Amino acid sequence: MNRALPDVRLRVPTDEDAFAWHRVFADPEVMEFHGGKAAELSVYEELTARQRRHDAEYGFCLWSVLDESGEVIGFTGAQPWPREWGPKGEIEIGWRLGRAHWGKGYVTAAARMTLERVRAAGVSSVVAMVDSRNARSIAVTQRLGMRLAETYLTPTSQREGHCYRLDL
Numbered sequence: 000m001n002r003a004l005p006d007v008r009l010r011v012p013t014d015e016d017a018f019a020w021h022r023v024f025a026d027p028e029v030m031e032f033h034g035g036k037a038a039e040l041s042v043y044e045e046l047t048a049r050q051r052r053h054d055a056e057y058g059f060c061l062w063s064v065l066d067e068s069g070e071v072i073g074f075t076g077a078q079p080w081p082r083e084w085g086p087k088g089e090i091e092i093g094w095r096l097g098r099a100h101w102g103k104g105y106v107t108a109a110a111r112m113t114l115e116r117v118r119a120a121g122v123s124s125v126v127a128m129v130d131s132r133n134a135r136s137i138a139v140t141q142r143l144g145m146r147l148a149e150t151y152l153t154p155t156s157q158r159e160g161h162c163y164r165l166d167l
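First residue of the sequence shown? That's 0 in numbering that gives the first Met the number 0, and the numbers climb one at a time after it.
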């Protein structure tokens with residue numbers, strides 16, 4: 000049975016959102032597939048600043064996800080794939096959410112909004128790079144209608160990563 004998805008709002012990240020992202024991502028469970036721990040605050044300050052530039056340049060970015068009460072609970076969005084390996088030159092969608100909000104449909108709702116926004120910005124296809132052990136994110140890609148297209152061995156961790164694709 001399909002349940003109603005929660006109401007979420009996406010916004011271009013503010014300077015203050017760097018603090019929220021740092022706090023939300025301080026949970027080792029949240030960071031299990033992203034190095035195991037939150038980065039230093041300065042990394043999130045640079046990341047939010049870069050996302051503001053991406054929004055101005057591309058019309059999309061990694062947006063802060065706000066729940067019904069207006070609390071920042073994570074991010075979702077799209078950006079050019081930043082690495083020299085993998086789907087170079089493609090637009091990657093992604094998400095990261097605070098543990099207290101898992102399993103409630105927030106990521107699916109926010110990711111669907113992301114797809115609408117990148118389509119409106121003229122993007123014709125997207126990829127999602129997911130650690131092969133990350134069953135929760137793989138389930139999100141399936142709910143979005145993405146298909147497994149390729150696998151990669153990540154250079155730093157030597158773990159298998161899945162590349163999911165979706166034509167918009």
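No lab work stands behind these hints: they were computed from the structure. Keep in mind that this is a model prediction, so the values were computed, not measured. Think of the CB as a built atom: it goes at the ideal place given N, C-alpha and C, for glycine as much as any other residue. There's no promise every hint is true.
Below are the SDA-like pairs computed for lysine to any residue, each with C-alpha atoms no more than 20 angstroms apart in a straight line [to be verified]:
#1 K87 <-> Y151
#2 K36 <-> R158
#3 K87 <-> R22
Distance ranges between label pairs, derived from CB positions [unchecked claim]:
#4 M30 <-> Q157: 13 to 21 angstroms
#5 L147 <-> D14: 15 to 23 angstroms
#6 A99 <-> V42: 16 to 24 angstroms
#7 A3 <-> S156: 19 to 27 angstroms
#8 E67 <-> R22: 16 to 24 angstroms
#9 W84 <-> R146: 15 to 23 angstroms
#10 E89 <-> A3: 30 to 38 angstroms
To see whether the hints hold, each was checked on the structure:
Only pairs whose Cα atoms come within 20 angstroms are accepted, and K87 paired with Y151 is accepted, the gap being roughly 12 angstroms. Distance hint between K36 and R158 is fulfilled; the C-alpha atoms sit about 17 angstroms from each other, no more than 20 angstroms. The suggested pairing of K87 with R22 is violated, with an alpha-carbon distance near 31 angstroms, which exceeds 20 angstroms. At roughly 18 angstroms, the beta-carbon separation of M30 and Q157 lies within the given 13 to 21 angstroms, and the hint holds.
At about 37 angstroms, the CB distance of L147 to D14 disagrees with the hint of 15 to 23 angstroms. In this structure the supplied range 16 to 24 angstroms holds for A99 paired with V42, their Cβ-Cβ distance being about 22 angstroms. Separated by about 37 angstroms at the C-beta atoms, A3 and S156 break the suggested range of 19 to 27 angstroms. Here the CB-CB span from E67 to R22 is close to 19 angstroms, well matched to the stated 16 to 24 angstroms.
Between W84 and R146 the Cβ separation comes to about 21 angstroms, which falls inside the hinted range of 15 to 23 angstroms. Evaluation of the 30 to 38 angstroms hint for E89 and A3 yields a pass: the beta carbon distance comes to about 32 angstroms.
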